[in-house]
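Q: Now for the letters of each chain:
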Amino acid sequence: MDYAAILSILEGAIRLATPLLFACLAGLFSERAGVFDIGLEGKMLAAAFASATLAAVSGSAWVGLAAGVGASLVLAAVHGVASITFRGNQLIAGVAINFLAAGLTVLVAQDVFALGGRTPALTGAARFQSIALPFAETAATIPVVGPFYARVISGHALLVYVAALAVPATWWILFRTRFGLRLRAVGENPAAVDTAGVSVTGLRFAAVMICGFLCGLAGVYLATALGAGFVKDMSGGRGFIALAALIFAKWRPWPAMGATMLFGFLQAVATRYPRLDLGVVVVPSQFIDALPYILTVVILAGFVGKAIPPRAGGIPYVKER
Amino acid sequence: MEAGRATSGPGGRPDTAAPAIELRGISKAFGPVQANRAISVRVARGTIHGIVGENGAGKSTLMSILYGFYRADEGEILINGARVAIPDSEAAIRAGIGMVFQHFKLVENFTVLENIILGAEEGRLLAPSLARAREELARLARDYELQVEPDAVIEELSVGHQQRVEILKALYRKADILILDEPTGVLTPAEADHLFRILANLRAEGKTIVLITHKLREIMAATDSVSVMRRGEMVATLRTADTSPEELAELMVGRKVLLEVEKAPATPGRPVLEIDDLRVTDRKGVERLKGISLAVRAGEILGIAGVAGNGQSELLEVLGGYARGRGRVRMNGAEIDLSGRHADGQTRRAAGIAHVPEDRQRLGLIMDFAAWENIAFGYHHDSLYQRGALLMDNRRIREDARGKLGRFDVRPPDPWLAAKRFSGGNQQKLVLAREIERSPDLLLVGQPTRGVDIGAIEFIHRRLIALRDAGKAILLVSVELDEILSLADRIAVMFDGRIMGERLPEATDERELGLMMAGVVPGAEREAG
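Residue numbers (our numbering), protein chains in the order written: chain H, 53 to 373; chain B, 79 to 607.
Just so you know, these hints were derived from the structure itself, not from any lab.
There are no misleading hints in this set.
Heads up, incomplete: computed chain H residues facing chain B, CB under 8 Å, no partners named:
hint	residue
1	Arg228
2	Arg230
3	Leu233
4	Arg234
5	Ala237
6	Glu240
7	Ala243
8	Ala244
9	Asp246
10	Thr247
11	Ala248
12	Gly249
13	Val250
14	Lys371
Calculated lysine-lysine pairs in the DSSO-like style (CA-CA distance at most 30 Å, straight line):
hint	chain 1	residue 1	chain 2	residue 2
15	H	Lys371	H	Lys302
16	B	Lys252	B	Lys293
17	H	Lys358	H	Lys302
18	B	Lys498	B	Lys293
19	H	Lys371	B	Lys498
20	H	Lys302	B	Lys362
21	B	Lys498	B	Lys334
22	B	Lys341	B	Lys293
23	H	Lys371	B	Lys293
24	B	Lys293	B	Lys334
25	H	Lys358	B	Lys362
26	H	Lys371	B	Lys252
27	H	Lys358	B	Lys368
Simulated restraints on C-beta separations:
hint	chain 1	residue 1	chain 2	residue 2	range
28	H	Ile367	B	Glu152	31 to 41 Å
29	B	Asp360	H	Trp223	28 to 38 Å
30	H	Leu330	B	Arg576	51 to 61 Å
31	B	Arg440	H	Gln162	45 to 55 Å
32	H	Val333	B	Arg576	51 to 61 Å
33	H	Ser251	B	Asp437	25 to 35 Å
34	H	Ser251	B	Ala544	46 to 56 Å
35	B	Glu152	H	Pro361	37 to 47 Å
36	B	Gly549	H	Ile367	41 to 51 Å
37	B	Arg576	H	Leu328	54 to 64 Å
Treat the numbers as computed from the prediction; the structure is a model and nothing was measured.
Cβ coordinates follow ideal geometry from the N, Cα and C atoms, glycine included.
Modelling step: build the complete structure from the supplied sequences, incorporating the hints.
A: Written out as structure tokens, the structure reads:
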């Protein structure tokens with residue numbers, strides 16, 4: 053394997069990790085506030101569809117972005133009303149959102165475009181194009197570091213850099229601001245927040261809406277940057293992989309970046325080497341494709357050490373009698 | 079309101095200003111249950127005011143209304159003479175009210191400082207708030223003996239220190255009125271003494287303190303005035319100096335109660351239970367029992383005193399047959415299996431051991447099941463309850479249950495009622511009826527009167543004494559020293575998984591036992607004979 057191939061895999065890893073990272077940070081906000089969200093997948097899918105549709109109609113990726121984020125926020129609000137206002141079961145609300153998004157996107161796409169559940173392919177300004185970072189061209193001539201900068205770091209869509217910046221931003225909000233302190237507290241012991249005179253409902257809604265916003269970016273990226281349009285089930289379980297990464301990262305922002313990069317790397321390997329020839333045996337492509345999912349199962353089965361979720365996670369807050 | 083003897087200006091202090099707290103006609107219902115009924119009370123500034131009453135008398139509800147945790151259906155609240163609306167805790171904090179709940183409202187994996195500033199931060203960033211809180215904490219520690227490490231994580235602190243954090247939280251929010259709900263339930267006697275010193279310091283600074291407790295001794299020792307609640311009503315407000323524990327108990331229950339347990343001296347016989355070097359290691363690999371050796375003889379009550387969490391629960395669990403241990407335990411001379419492979423609750427019962435667990439709602443009863451079903455649990459293999467090889471004789475069980483409910487004064491005596499519909503005291507009587515009526519050779523009983531009304535406590539204590547007098551052995555675990563001192567014929571004190579020593583109740587006192595509970599053996603050479 054030469055250096056160019058390694059760079060190509062790393063570049064792919066970053067591209068593929070980006071939607072996972074957005075979704076993982078989305079889940080981080082929600083779960084740190086004590087609201088479990090397995091509806092990340094559904095929100096991503098809805099956002100991908102809405103952004104692809106509006107970008108196709110308007111010809112602007114930015115209009116698509118607004119539409120995608122909007123769709124995800126609507127579903128987040130539904131999750132909030134079901135699990136915070138009405139104190140419903142958070143897992144069931146999430147499952148319902150996933151089903152709703154999976155069915156509705158294809159149905160509406162077929163009804164509007166009659167392309168078999170797809171949206172028209174996006175071209176030009178309807179997609180987020182790759183951006184060359186400053187000095188990428190000149191730096192490319194510097195040995196080793198140069199090509200890495202030019203080919204791996206530079207040349208991604210804007211949303212990739214947004215995702216990368218979202219990691220320190222999340223860390224700073226969570227651990228350096230009043231809002232972050234309260235958010236973490238409400239996921240650990242909502243009664244402490246309530247008796248301190250702060251609204252539990254308000255905090256949890258804020259967290260769920262931030263989750264919706266980030267999920268929206270994940271979906272928008274899928275349809276308008278990584279892909280070029282919406283296809284049926286295009287989120288492909290990324291919402292669930294993001295949840296696994298979140299557990300792997302133990303609900304912390306920087307490890308979340310590491311965990312999603314690992315998954316992105318595996319997906320990039322699978323894309324580049326459909327059949328991995330190890331000399332002795334040839335690993336079938338199905339196995340390589342399944343690797344991220346196998347890793348997900350391994351992580352969820354708890355083979356990576358003890359992960360302690362926020363203590364009030366999944367439990368609707370009811371004042372005790 | 080039918081007040082016994084209403085007073086104003088309690089504690090002998092001049093009542094120049096308006097009372098710090100005045101409640102007028104507060105009522106609150108939860109569905110059909112009237113938790114508070116037209117409550118009126120005045121608390122003078124700069125005093126410690128006690129509120130006593132049985133479980134379910136409405137004390138905690140009343141204070142939760144004052145703190146904005148619940149909203150009153152009717153009535154008004156005046157703070158320093160001005161009427162205030164307290165729709166939520168934020169409003170209560172603004173009115174200068176702070177509350178220390180019985181179950182602390184702390185974020186366990188946050189530091190002390192983070193817990194203190196939560197909800198009272200200045201500005202959007204944390205750093206300035208944390209710095210200011212650190213200074214303020216140092217000042218409060220100096221002024222009120224409230225030392226606590228600001229950077230310690232809550233879950234690593236002792237319960238007594240966690241409570242200090244709760245008090246500090248209230249003071250940091252500039253509370254002038256501090257409400258404490260059952261503050262000493264989880265403290266060692268020494269920690270409780272320290273708490274009362276802190277409260278006295280606060281009173282000296284002009285703060286007003288409301289102390290909710292069911293321990294009459296604390297009321298007598300610490301308060302200036304006291305209100306008694308019964309069944310949602312305020313039945314009396316008295317000057318503490320003018321009343322007595324007997325009078326308060328009578329007001330609480332509505333009839334005369336015996337605070338002292340009457341019992342004849344024990345006549346211990348042969349050893350029934352012999353424990354030799356019992357050790358228990360929990361799932362995390364922490365040794366919870368570090369070599370316990372004890373013996374309980376027929377016709378005696380051995381009381382195990384200690385602060386909760388020092389291995390008493392593990393001792394009961396391993397003897398009751400649902401935890402593993404190492405060492406030797408003999409019951410009536412025959413060794414019982416501790417490995418968990420050949421033994422469970424069933425074989426323990428067959429060996430003559432009955433168990434009234436500490437947590438009756440989790441281990442003693444199935445809360446959603448009817449009383450008659452709960453009466454049969456654990457003994458459901460009894461041939462008395464069987465019909466043929468496969469079926470249970472439910473009618474027989476119900477008949478049996480009706481008799482047991484009647485004999486143990488369980489109210490209402492309805493075998494069809496689900497366990498969760500009974501009050502705490504009646505749930506406990508249900509469990510006791512099931513276990514005691516089997517006439518076991520050994521009764522293990524944990525916290526028999528936790529969450530139980532005074533009236534029921536009296537009944538339960540008499541039943542335990544009667545079982546002892548019938549020549550049975552009883553191992554009593556309780557965190558209530560008063561209970562241990564009045565019931566036990568011999569007292570063993572547990573600390574950190576070890577027995578600190580044995581004492582005879584007539585030859586010791588609360589001070590000595592309290593020191594032993596904290597891990598100190600005063601005059602180590604003095605041992606009970």
